[in-house]
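Visitor: Top to bottom, those sequences are chains U and Z. For the first sequence, my numbering gives the first residue as 1, with consecutive numbering after it. For the second sequence, my numbering gives the first residue as 1001, with consecutive numbering after it.
Rather than coming from a laboratory, the hints here were simulated on the basis of the structure. Please read these numbers as outputs of a predicted model, since none were measured by experiment. The C-beta atom is built at its ideal place from N, Cα and C for all residues, glycine as well. Any given hint could turn out to be false.
What the hints assert, rightly or not - Selected chain Z positions facing chain U (Cβ under 7 Å, derived; list incomplete):
(1) 1197
(2) 1198
(3) 1199
(4) 1209
(5) 1210
(6) 1211
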Amino acid sequence: MLKLHELYKSYNGQPLLNGISFTVAVGETVCLLGASGSGKSTLLRMIAGLETPEQGQVLWDGEDLASVPVHQRGFGLVFQDYALFPHLNVTENVAFGLKMQNLTVDEIFLRVANILEMVNLSGFGDRRVTELSGGEQQRVALARALAPSPRLMMFDEPLGALDRSLRDQLMDELRHILHKSSVPAIYVTHDQEEAFTLADRVLLLHEGGIVRSGTPEQVWSDPGSVWAAQFLDAGNVVAGIVRLNKNPFQVETSAGLFELNCEVVPVSAHHPESLPGRDVHVHSVGEQINLLVSRRGVQQSAGGKVSGVVVDVVFRQDGFKVTLDNGLDFYLPKAPLLGEKIYLSIPAAGVKILQ
Amino acid sequence: MSVLHESVHAEGTTKFRVFVPPWLKSVLPWLGVSVFLGLFFFYPLTRILWLGLNPAAFKTLDLGSLRLAFHSLLFTFYQAALSAILTLALGLPAAFVFARYTFRGKFLLRALTAIPFMLPTVVVAAGFNALLGPRGWVNLGLMELLHLHAAPISIVGTLGVILLAHVFYNTTIVIRLVGNALSQLDPRLEQAARTLGAQPFRVLSRVTLPLLRPSILAASVLVFIFDFTSFGVILLLGGPGFSTLEVEIYKQATQMFNLPLAGLLSLIQLICTLAFSILYSRIVRRNSVTSASRSAGANLQPANSFRQKLFLEGMILLLMALFILPLVSLPLRSLTRLEADLGQRGQVRYGITGDYYTELFINRSDSIFYVPPFQAIGNSLGYAALTVILSLILGFPVASALVRPRRIERLLDPFLMLPLGASAVTLGLGFIVTFNRPPLALVTSPLLVPLAHTLIALPFVIRSLQPALASIPDRLRQAAASLGASPRRVWFTVDWPMVARATLSAAVFAFTISLGEFGASSLVVRPEYPTLPIAIARFLSQPGGMNYGQAMAMATILMIICGAGILLIDKLRLPGAGEF
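Generate the whole structure from the sequences, applying the supplied hints.
Guide: Here it is in structure tokens:
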């Protein structure tokens, strides 16, 4: 089991990673999701041993890896743009790690053949890696990292350079392979779709720290912070002032009055942000509005306390995306008219307060 | 707008067409160069071939001469291979230092390692002599320190100093070629190998070195070619005991007067350099196909661990010692009286003196020249000026024509570079066996020297003018023409301001090459019109403290002039290259 304990790293004098701690359990796939420059690749490189943390430890089954050099860690790493050896062919690339383990020629042959079959590259063994397409190179990189049976797999934005349809296909293959092999994996990306597809657990990295961690579903429905909600583009974030902190909890915003269930709002003296008069941000997940609004369209009939004038209606696969003049957007099965003032009722369970 | 453009353009070309038919127009730029190369390169070359191959000459070659030829060929290979191996041994770690580490003074150290490559061989020979020779700093210092009566270190006149000078000369090639390849190497390839379980040594042997192989090969062959054709270093530092092909050609031609043997040796030399040059261009061509480089600069970092620091500091010290000491020893030695008096060896008199410089202006009856030595400076400057004028006049039209290569350019371009392949001594030999009779009895004329120098400088002049001329976008000329400029005004208002820099750089290049040229000069220079390098070589070969001192003084002057030239070229080149 991999355990990171309070890792620190700075870049050009600025703190880049500011006390990162998390664990990866056996068979678990953890996705580190963050904007570019957030230090997620650096974190991977520290785990691999390619960079040294300024403080903190990388532990494997309780053993501190600080003095273990890269080549003895047994962590596979799939690089961004793959970093395949241009002077070796596909077989030689995949066999590289096996040769380092001084296996016999027969063992290497067998293992390479198996791995190439697993990544759908049987028959590619003699090809030069420089002649392969992006997707094929990606598969070779995966095969090369998997071949020596690493005790941990790491992926550094491995699908970033590929076009969308190929990426979707490889994402599914990767998910399948990771599940089958039960090797723990850390997957770094800035793409939430990749993260939500592959991850058992998603970690959001922001300003040097992990700001949210949970299953994809948990993170999506409750990002936990204004930044996270905006980064994930999950629902709406509206600034407002607390009016009432009894059940139902009420927040006054420019878009109207939001009501919240008290179970999801921490109401106590320990949470000063929930006292009346405080500035807070409320968060609602767009799709949930959809379920409550009558199918005939949203008019004043809904009797809700949130209102706005329709300024934009865009057709999407899963309904019409409606934007109001106060910035709120949500999906409706039918398109309202532009310029129409509509009232919404938003279920208290779909609204949360963000830090 | 377009009508105006057409009319201006048409006017310009029709005017031209009145005088010159188009076929002649395309030949015209090549006229001067073709006549020049034909007369002063290919014609002498055929004379040498005839000299070495004609049946009559073959009969005069006895077994002894053939054995001599074989031995000098063998020694040429032997010393070149040994020099190349040593150059790699220093150059590869140095390339790692420059490609992988950041450290203070890196830029200066890099520039320092590049200086020797452009320095005249006589200056290098004088520099090593001033450091390690029997009258050099090290020996005199040791004698003073240990109260010895004779120089304890006799490295000058051995193979050791030849190898050392070759390493001094050519390490920069390895640093440039391999260092560039190394810094362009994707650092993640090595990292990938490490995550796959490769220990540092296996990363080096399985990934880094295989990827660097083309650049290491190219550098090795290039260094080998330079060591193979080395002349001045071996003649001046090696002494009488060592004869490469080049030195043997010189000896046979000027001391033994065995021209058939000299011709045969030249032939062997030509075949060898041609073969190596073909090998080199093959390696380079293959290399350029497979190079997949990215993320330059990502490899750079300061030395972190103790071992890295030790390696880095050690290499910096070694490089500084090798590249600074000979260059500093020379001017210091030229200003210092530092010698044991005859009769009482061991007692070293020393002090600062300007005697060696003042002596240059005195024409002594027992001197080895008929003129005061300082006149050599004047001769050299005159020859250099003539070389600049000649090579620019010949090179400019060709460089302009090469910008838009047509059939004739593609056909003739390779011939321009051929003089580079022939060694300087061979060129000189060609001159003295060709121009010793009418109608071109030039052998007694001092004109032969700038002609030979032009032959050597011309390829460099063309190659430095061509990119500058090519860098001017045609649109600018068209814009000027559409604004009403005649072709001549276009050239003066658009082309010239942009190529002026490159022209000056090419001129300085030719000037420096001529000033330092030794191989061809040693055969064609008349004793009454010595050049600086020839005078230095003579002084070095003579006994006596005063001769030695004067050699140091003149070599210092030459070094300063050439150093200034190198600096100027560098200043002119850096901004100019990227600007257009």
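Visitor: Please go over all the hints and tell whether each is borne out by the structure.
Guide: Results for each hint:
1. 1197: holds, 4 Å
2. 1198: At 5 Å from the nearest chain U Cβ, residue 1198 of chain Z passes the 7 Å test, so the hint holds.
3. 1199: holds, 5 Å
4. 1209: Cβ of residue 1209 of chain Z sits 10 Å from chain U, so the hint is violated.
5. 1210: This hint holds: residue 1210 of chain Z lies near chain U, its Cβ roughly 5 Å from the closest one there, short of 7 Å.
6. 1211: holds, 6 Å
Consistency with the previously given hints fails for number 4 only.
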